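Q: Spelled out from the first residue to the last, the chains are:
There are 2 protein chains.
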Amino acid sequence: MDSFVVGIDIGGTGTKFGIVDNLGNVLSSDVMSTRGHEQIHTFIDELYEKLSVLIENVGGFGRIKGIGVGAPNGNVYTGTIEYAPNLPWKGIIPLAKLLQDKFKLPVKLTNDANAAAVGEMMYGAAKGMKDFILIALGTGVGSGIVANGQLIYGHDGMAGELGHTIIIPDGRLHPGTGKKGSLESYASATGVAKSAVEILNNTDRPSLMRNTPVEKIDSKVVFDAAIAGDEVAKEVFEFTGRILGISLANFVMFSSPEAIILFGGLTKAGDLILKPTREHMEANLIEVFQNKIKILVSHLKESDAAILGASALMWEN
Amino acid sequence: MDSFVVGIDIGGTGTKFGIVDNLGNVLSSDVMSTRGHEQIHTFIDELYEKLSVLIENVGGFGRIKGIGVGAPNGNVYTGTIEYAPNLPWKGIIPLAKLLQDKFKLPVKLTNDANAAAVGEMMYGAAKGMKDFILIALGTGVGSGIVANGQLIYGHDGMAGELGHTIIIPDGRLHPGTGKKGSLESYASATGVAKSAVEILNNTDRPSLMRNTPVEKIDSKVVFDAAIAGDEVAKEVFEFTGRILGISLANFVMFSSPEAIILFGGLTKAGDLILKPTREHMEANLIEVFQNKIKILVSHLKESDAAILGASALMWEN
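Chains as they are written, first to last, in our numbering: chain S, 1292 to 1608; chain F, 1292 to 1608.
It cannot be assumed that every hint is accurate.
Identical copies carry no separate label here, and so any pair may be met within one copy or between two of them.
[Unchecked claim] Straight line, CA to CA, 30 Å or less: simulated DSSO-like cross-link-like pairs of lysine-lysine:
| # | residue 1 | residue 2 |
| --- | --- | --- |
| 1 | K1393 | K1507 |
| 2 | K1559 | K1421 |
| 3 | K1583 | K1356 |
| 4 | K1485 | K1471 |
For the record, the hints were derived by calculation from the structure and aren't laboratory data. Bear in mind that the values here come from a model prediction, so they are computed numbers and not experimental data.
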């Protein structure tokens, strides 16, 4: 009788979960709010209730090999979520243990972007690769690094926080971390919106984005304006791509990956962001690395990728 | 009967080599000029001549298990030196094969800083560590990265070029690479001298360093002035430590090492550079990484470390 695994992807806003077979098919899935639960216990209670329905539909708990979880600041060594700035639960949360106690199933937890990297390696754009970096460009910037065919966890399980690397010393303040000039403060959906608002506030250049109240400007507004030919909006993506490109060059000179896999909402901007990213990456690489590192966009269905990545942790076990 | 290995460290100016036993003792060693040989073949001829003497003294070629070589831009996968800006030989040099043919011994070649990292892991400050980064602060800035107990080579053997990561976009030009704002252009002996000359040329601040003709100012002149209490010279080390500290924070957020091992001439400046480096590293790390990453200075004798590191490659085999 086939067995299945559960994949759970915990995000700052919502949590996605599903049942996955050993070929990487997401048989069923559901979502719930993360933000709505100030207490971890009520979060786990709702998760148990909703997941039980999916589990019963595939034949019950006996068919489930285990649960893989991806979460911001998830630590694979300790099974804890540690000081995640975007989650409602502060400090150190022993999530793997809490889930194990509730579900009576083995649980493996890691950083959400690490989970996505495993998903890409098993089912996606990084299939067959032993050295690659996944960069998740969403509300924030996450990353998962694979070298010699293994996830890089570091001595404490917390490696791969590339979104927090400093690319402009003394640059833009990141309100969540208090640090200045990190990649995430520019090359995230939040960062793109901020860059747009900065130009609009500091110049009187005409722009379609001026039709939107400043506090409503998000990356979608910038994207729509750019597509409509708005020069300011196009410049925002050019600027974002430059920052991202220099950062990618730095990551390449660290681990020399075969490819960098981009993932997440911002990649929908396509060549608006990819073209300057590629150009500035190449321009900042020393000769030995030039013209050989692929920049690929994940082709996994976004809602599935996170669940697949988390579930892959358990298959990997 | 005991066997030995040969360790060779090829630098831009000179080449060091020696005979090493399996406990990491350098039994004998010698040096020769690298710069004096425009042709790789005359370089190898002189190396063979000098090494043969050392080899005969320990009982002849039959006692030698193999040769480990560290060289700038050395590629472990191909055994070649690729486009090394600081060596007299341009393009791709099949060094491992040339040495194998000449010495009739197995040869393993890698990047000089990778070799030093292996040396630190086997005999030095990184003994017992599975995750650390070695940063060599010499004329340039080299690096070797160990994660999960293995050197990170990347998909092409060229990983670990941290000296070329960009820390100040559009910053100081690196004449060797043509790139702007790389770590090496600031945090190397060359970079320290440049920073001093910049302040002296752009201000009329008094400084002991003004007693030295500008073209003669090197990192030693800056160091001596700082030790004598010169404010400008101290500021140069403060500035250098700031750039290095931010860069180290970035490297930590990549691979979360247990320690960063500093190595090479600039570390002789001691707390002049280490204090600001530590401060700015901590100030730029997000919370989960703070106050847990050690910055250690290599305690291997410098002339031996390079030879030991190169030889360790062969023991590792």
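Q: Give a verdict on every hint.
A: Results for each hint:
no.	hint	verdict
1	K1393 to K1507	neither (41 Å within a copy, 71 Å between copies)
2	K1559 to K1421	within (26 Å within a copy, 39 Å between copies)
3	K1583 to K1356	neither (40 Å within a copy, 36 Å between copies)
4	K1485 to K1471	both (14 Å within a copy, 26 Å between copies)
Hint violations for this structure: numbers 1 and 3, all remaining hints satisfied.
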